[in-house]
Amino acid sequence: MTVPALSVQGLTTHFFTRAGVVKAVDGVSFDLAQGEIMGLVGESGSGKTVTGFSLLGLVDPPGRIVEGSIKLNGTELTTLSGSALRARRGREISMIFQDPIATLNPLLTIGQQMQLAIAAHERLGKRAALARCTELLTQVGIPSAEARLRAYPHEFSGGMRQRVAIAIALLHRPAVLVADEPTTALDVSIQAQILLQMRELAAETGTAMIWISHDLAVVSSLATKLAVMYAGKIVEQGPTAALLRDPRHPYTAGLIASLPAMTTPGTPLTQIRGTTPSLLSLPPGCPFAPRCDKQTEACVQKPAMTLDGPRGWRCFHPVGQTAGAPT
Amino acid sequence: MSAFLTIDNVSRLFGPKLNTGEKIAVKLGGKVETRSVRAVSDVTLSVSKGETLGLVGESGCGKSTLGRLIAGILPPSSGTVTIEGVPVMSNGKKVTTRVQTVFQDPFASLDPRMKVGETVAEGPIAHGLTTRANSKAYVAEWFERVGLDPVWVDRYPHQFSGGQRQRIAIARALAMQPDLLICDEPVASLDVSIQAQIINLFLELTKRLNLTCVFISHDLSVVQHVSDRVAVMYLGRIVELGPVAQVFGHPAHPYTAALFGSVPKLVLDADELVHFDTIAGEVPSPLSPPAGCYYHPRCPLASSGCRTAPPPTTPVSDVRSVACYHSDQQLDRAKRS
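In order, the protein sequence lines correspond to chains X and R.
Quick note: the first sequence uses the numbering used here, first residue 1, plus one each step.
Quick note: the second sequence uses the numbering used here, first residue 328, plus one each step.
Keep in mind that a hint or two might mislead.
[What the hints assert, rightly or not] Computed list of lysine-lysine pairs in DSBU-like fashion (alpha-carbon distance at most 35 Å, straight line): (1) X:K71 <-> R:K592; (2) R:K358 <-> R:K420; (3) R:K442 <-> X:K23; (4) R:K592 <-> X:K23; (5) X:K302 <-> R:K442; (6) X:K294 <-> R:K534; (7) R:K421 <-> R:K344; (8) R:K592 <-> R:K534.
These are calculated hints, taken from the structure and not from any lab test.
Remember, predicted model here, so these are calculated numbers, not experimental data.
Chain X extracted, bound-state conformation:
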């Protein structure tokens, strides 16, 4: 087997706040092959965004990666110096964010910003640089790309701005792209266009993607494998179809069952009781135990990841095999 594009082992990011240590990411491990799309699913505060930020070394104090290893094409990132990491960030690994208005500079044209992004890593003549920009804008589906290079961000719609942000992130054909809820702020019709395009781009360019989202349906239409996060840990991982059809962790099962589409209209939805725990005062064992119907005395221990082929779950009482496909 070839070296994975990205290999994360035991990644642990803590925030040392006045109120205490917030274990935002607590021992996250996964591998990502070239061109593979992984969905990272979780609710707010589950640590999915901090995981993404940690991969690019973008965690600001009081946060710090305290443990673990991030290998990008075999190179360890956590021990790199600031400048060595900067040389890779944006070229070998890049990121797109939820809000494209906040990520684009309102005072520069799209063309200027894209050229700056190229110049940060490469010496390229102006004509060649512009050609690269035009090519990428066309690739992400922006019509009359050459003319649009002279436009400012405010002249674009929300969907088009996000396409520009994606084009900038892909300028150097990175090995890995981290996408943090990039379609959450967009309308469904635009979201569908972008999801479809990203699927094609990953296949075309071989860029591996981590798609962070709270929306199971969105990631399931894009990612071939999923990791579900809860309170800083991956509680379940596996190939998308298998994980959705036959979830093992009660939290995953609860998330799927609570979707309106899973219940007859007008009848009560299946709900997960309680609320997500504060990361400052997590229960001692399984963080999901207080909300879980299957909780027993065993759950005061921290469950380790049980591995079964490509699948894994952190639970002492995994949900049993469901009989056949659900109706």
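Assemble chain R onto chain X, guided by the hints.
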């Protein structure tokens, strides 16, 4: 079917604020260029007692503005909104407490400096539904009904989670004992596991209190779950109206079909990635909408007739209506697929 809420030919325009010079020019009969947005355009609807009407559409389609017009927060530019024949607004002021609203963001809609019990009690005291002396018990009762512990009345909004805050916002609206509840994206800002809790609360309360409800959401699966009928809006116009199962099952308007097609769905028995359809292009600017049917530039069924005159709202059956020249063709497509 007796109409409880009647929306009669309601429109709402938003124009630019004129400066003093321009105001004088207008007074003197001068022409000032004012481009205004028709956020809601000639909407006629009726909702019967106890019914939940879903209002769906993409951002900028006017669904929230229509909600505000019904709730008496905004006066309509033309047309009237009446509850059992009584107008909601008169002379630009809301004149009824029979309609109350739950807003999207419970972080913004609760006063951070007021104890939540006071927030809930404020309206009922002002309108004589309870007295200051009895308000504690009155609020405690509503807290219990929405699943909150009554001992929390002396807390401040920041001490609650998003889901709990939305329950407080629901208690505040219901404590006014309305007949009509407007819910403007009430679960959009909540986590998935909390959404189900709030939707269940909503279903239980509307049934128990026999509330009539207008439920605004961009999330089609939520609307499908809670609504009896649904109205699909595009650029200020209602393009399709009918019972939820029929509209989503066999859309009569190409936009409804496309909107439903672009929602990523969780398909559990697929071994490959799910295919979903996309709508070409983007929603046109409401400042300069296209002539004729607003949807024609993106519509696969558009013909020359669609480019000249907007299609009138025509009945599909006695409970459904659509504004499209090619609804027969669309219905055929929907039945075949």
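Evaluation of the provided hints:
For the hint pairing K71 of chain X with K592 of chain R, the CA-to-CA distance comes to about 34 Å; that is within 35 Å, so the pair holds. As the CA atoms of K358 of chain R and K420 of chain R are separated by approximately 30 Å, the hinted pair is consistent with the 35 Å bound. Between the alpha carbons of K442 of chain R and K23 of chain X the distance comes to roughly 32 Å, so the proposed pair stays at or under 35 Å and holds. For a cut-off of 35 Å, the pair hint linking K592 of chain R to K23 of chain X stands: about 33 Å separates their Cα positions.
As the CA atoms of K302 of chain X and K442 of chain R are separated by approximately 39 Å, the hinted pair breaks the 35 Å bound. Taking the CA atoms of K294 of chain X and K534 of chain R, the gap is about 31 Å. The hint holds against a cut of 35 Å. Between the alpha carbons of K421 of chain R and K344 of chain R the distance comes to roughly 23 Å, so the proposed pair stays at or under 35 Å and holds. The hinted pair formed by K592 of chain R and K534 of chain R meets the criterion: a straight-line CA distance of about 28 Å does not exceed 35 Å.
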